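Undergrad: One-letter residues, chain by chain:
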Amino acid sequence: MVRIKYRYLLVHILYPDPVESESRSTTRASDKSIPDLIQFHRPSPGDLQPQHLVRSIRDQVLLLYGDYGLGLISASLNVKYLSTATSTAIVRCSRAHFRIVWSALAFMTQLPRISKHDSPQPCVMQVVRVSGTIKKAEEEAIRRARAAILRAKRGNGDGSTDNVIGMLDQLDDDNLGLVGRGKKKGNAGSDLSDEEDELEMDSEEDGD
Amino acid sequence: MYYDLNVPYSANNRELQRTLAFLAELGYNSVALDHTVSGQVPANITNQIPSPLPFSVPASLQVLRRCTVHLSDPSQNHRLNSISSVYDVVALRPTTEKCLMLACQAFECDLISVDLSIRYPFYFKHTTLAVALQRGIKFEICYGPGILNSDGGASRRNLISNATQLIRATRGRGIIVSSEARRALACRGPADVINMAVLWGLGQERGVEAVSREARSVVMQAEMKRRSYGGVVDVVYGGERNETLVQEENAAKVKQSRSKRKAEVLENQGEEVGDSPRPISKREQKRQAKKARLENAKAQEPQAKNVSVEEPAVEGDSHAQLLPNGYVG
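Protein sequence lines, in the order shown, are assigned to chains A and B. Following the working numbering, the residues of the first sequence are numbered contiguously, the last one being 208. Following the working numbering, the residues of the second sequence are numbered contiguously, the last one being 329.
The following block holds chain A by itself, in its conformation from the complex (with noise of 0.2 Å):
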């Protein structure tokens, strides 16, 4: 029996624009304090959903590939994963067609637009990782974020900021957590239907 081949794209979502807040005058000062690094790899909107995700990269498959491109990637374009905490996701695509999807990716330029009435908020997605199975597409996420918190602290170089790390070290934590209770499940539970999968971290390739 051969299974289904496919590749896991990690992507990071990046905000190079800077904070929006509500009052103009204090726009600036917030500015001052919050470094780029942070700014950069700020958390998304926490009611981004897995499926807006899918939908923006259909769409923009449609638009640059048409109905052709679509109808190759459709039958195995899946997010695994979305962490909006840490702007991170996880997208499963066939391995033939995984450059399809990698440029719409790169060809996006804002964020899934979650209801019909808030602006479209401008963003970068970045593929850092391509990898065959879903387990080193995690393990890479999680050294990602790790050396992100390391080079946080860096560059801040003083103690001014503890809050802020020990909350992201949690947060980090956490992420081992989730991985680790991933992976029990992966093993045991092999028979999650489709829509619980998509929200688990999943080891195993559901290969059939």
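No lab work stands behind these hints, which were simulated from the structure alone. Given the structure is predicted, the values throughout are model-derived calculations rather than measurements. Where hints are given, some of them may not hold.
[Stated by the list, open to error] Just so you have them, the derived chain A footprint on chain B, three or more residues with Cβ under 8 Å: (1) 21 to 31; (2) 194 to 206.
[Said to hold, decoys possible] Derived, one-sided and incomplete: chain A residues facing chain B with beta-carbon distance under 8 Å: (3) D36; (4) P45; (5) G46; (6) Q121; (7) V124.
Even for Gly, the Cβ is constructed at its ideal location relative to N, Cα and C.
Add chain B to chain A, keeping to what the hints say.
TA: Chain B in isolation, oriented as in the chain A frame:
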């Protein structure tokens, strides 16, 4: 090492600072800020980009300064030499086919950057572009306008069309990819850029080289042209002089100065030894001949004496010499 050789310079420091920080975050190590010159080039050219930028730049990022000259009238004097002495990289942006040809064949530059977001009424010909590649000039693809896509897809379509054309005409050689991003939003990470290049038909390895090795060679060549002797030899570090060697040299000099005339010393030696085995120089021959003539004139009365100086004819064993070593004896 990843390079982005085209970030337009603007006086808006906040936006520029953000763009540079974002590029560093995406993983670029080297960025060239671009100043554009079009039309008449002034006589005294100064670098329009301040050398230490007025804001803080990420420490990992090397900032270069580049000048792009818009070519529309080939008869005009663009003073490319004086521009290249001031900027790190000089690029040309031809707008017509004739200008492109001249840029490929004649003009002195490091990079040819055709604006790929508009449609051209001509094809890129391999024969034209191959001349430039022979001269070591690279071609640049700027993906920024295609990403932002402000005019409803036309610029993206033209970018893809022109980029594939350019890659076809150059056979994928000497291509670099850079952003030309006026906003941080138009920048993409090196891996994403490579993927785009692969989709345009450049191949994975060539795509990697387009943002790393080829771009580096542009920077290095420009630096060599500016700094080195004949574009070939560059003294990076002259080194320090060895103390003992200096002393020895001084001692040798002192010795030489003591016996000032070398010929005199040799003459004395020759007299002491007698007939020297070394062949007589022409000057010496003349001198001897003159001496002999004078002596002749003195001794004309007693008897006519025939003095002739003969070169000692050297006749080696020519056969033995011709043979290789192994056959002798």
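Undergrad: If a hint holds in the structure, say so; if it doesn't, say that too.
TA: Status of each hint after checking the structure:
Counting residues of the region 21 to 31 of chain B whose beta carbon lies closer than 8 Å to any beta carbon of chain A gives 4, which meets the minimum of three for the stated coverage. Only residues whose C-beta sits within less than 8 Å of a C-beta in chain A count toward coverage, and the region 194 to 206 of chain B has 4 of them, enough to reach three; the restraint holds. Interface hint status for A:D36: upheld, as the beta-carbon distance to the closest one in chain B is roughly 4 Å, under 8 Å. Using the Cβ-Cβ criterion of 8 Å, the hint placing A:P45 at the interface with chain B is not satisfied: the shortest such distance is roughly 18 Å.
Taking 8 Å as the C-beta contact cut-off toward chain B, the hint placing A:G46 at the interface is violated, the least distance being around 23 Å. Because the closest C-beta pair between A:Q121 and chain B is about 11 Å apart, greater than 8 Å, the hint is violated. Taking 8 Å as the C-beta cut-off, the interface hint given for A:V124 holds, the closest approach to chain B being about 7 Å.
Comparing the model with each earlier hint shows violations of hints 4, 5 and 6; every other hint is respected.
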